[in-house]
Amino acid sequence: MQQNVVAFQIPTQILFAVGALERVVEQVKIEDRPKVLIATDQGVKKAGLLDMLTAVLETG
Amino acid sequence: MEKATNLFRQEACNSVVDLGGGSSMDVAKAAAVMATNPGSIRDYEGIGKIGQKPAPIIAIPTTAGTGAEVTPFIVITDVVRRYKMIIGGPQAMPSVAIVDPSLMVTMPAKIAASTGLDALTHGIECYTSLLPNSSPRHWPCTAFTSSARTGATWKPWPNLAIASTMVAAAFGFTRLGNYHAMAHPLGWFYDIPLGVANAILLPHIMEYNAVACPVKTGRVAQALGVDVYGLSPLETAASAVKAVRQQLKADVGVVAGLRELGMQEDEIPSSLHHNHLGTARNFRLPT
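Protein sequence lines, in the order shown, are assigned to chains A and B. Here my numbering is used: the first residue of the first sequence is 1, the next is one more, and so on. Here my numbering is used: the first residue of the second sequence is 1, the next is one more, and so on.
It cannot be assumed that every hint is accurate.
What the hints assert, rightly or not - In the SDA-like style, the derived pairs of lysine to any residue whose C-alpha atoms are separated by at most 20 Å in a straight line are:
1) A:K35 - B:L7
2) B:K53 - A:I30
3) B:K249 - B:D266
4) A:K45 - B:I111
5) B:K53 - A:K45
6) A:K46 - B:P56
7) A:K45 - B:G22
8) A:K29 - B:P56
Claimed, not checked - What the simulated footprint calls covered on chain A by chain B, stretch by stretch (three residues with Cβ under 8 Å from a Cβ of chain B suffice, anywhere in the stretch; the number is not a length):
9) 11-25
10) 32-45
11) 48-54
The set of hints was computed from the structure by calculation and includes no laboratory data. Beta carbons are placed, not taken as given, at the ideal position from N, Cα and C, and that holds for glycine.
Can you make the complete structure from the sequences, with help from the hints?
Quick look at the structure:
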């Protein structure tokens, strides 16, 4: 019987965990002299999440 | 978006980190594309038009969600043409998505509801898509219903976060149906969040599609915990539509139809003018 082959591939690596935010450091460091542009919005900034990200990046 | 691109070039950045929901993700993706490609973002409208590989994108979603962290699409509002244009292709996908549920607990209830509805629609829309989806169809859509009901407590977030990401990875493959094709222009015309526009359309399009894919539609009823014992496939599908309609109204207060938004019949052509029905993969072809 012939089976239909379903090919499925995505180029995005997914890192999933409570506290996975810290893994951003190693991802940024893939570049030799890492310099990132951060895109975000006011709500995220107000909730203190941007501060969490910059703190992680600065200590890493 | 243009500001972000200029900043990227001026500061000689080498990657883009997005921290946010769907809109900031679109800005991040567009800036990454424009970092390595000449001209204007309008030059790349459509699927597969991006020439050079964009700058690497690290996506950190704070909603669950649009799933933009794993989709090949960029949605940009063209203020000149009053239209949401879509730029897409595998190059537009982030290299890494960091899904951390602890970033989602502070989300305001209203945003949690509208982005969650977007994710729920993705699940149902992708599952009942015209394209074969035997692998992504096993991915969770049940997590949404239990999560959406318990509200903003800590417990549901891990399920909801990963379900939202997984379902978006799936719809990049199966494509979406008439829900999103119509919700994009409606959201723009009536200035309502995409998730809410989707949720208003959801039971109506499910009903429209049910005769074409009763078995798949029926499984949504089972996922929602409806007792379908002894029902025919069409009756099961009808019970799914009914269950979705009731739960949307009871849990998140979604209005029953476009008339309740104040839509007049003569506004239908203009509000749906720039739809994406042509590229949708709906199960039943609209006539």
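Against the structure, the hints:
no. : hint            : verdict
1   : A:K35 - B:L7    : holds, 12 Å
2   : B:K53 - A:I30   : holds, 17 Å
3   : B:K249 - B:D266 : violated, 27 Å
4   : A:K45 - B:I111  : holds, 15 Å
5   : B:K53 - A:K45   : violated, 30 Å
6   : A:K46 - B:P56   : violated, 26 Å
7   : A:K45 - B:G22   : holds, 15 Å
8   : A:K29 - B:P56   : holds, 12 Å
9   : 11-25           : holds (count 13)
10  : 32-45           : holds (count 11)
11  : 48-54           : holds (count 5)
Consistency with the previously given hints fails for numbers 3, 5 and 6, ordered from lowest to highest.
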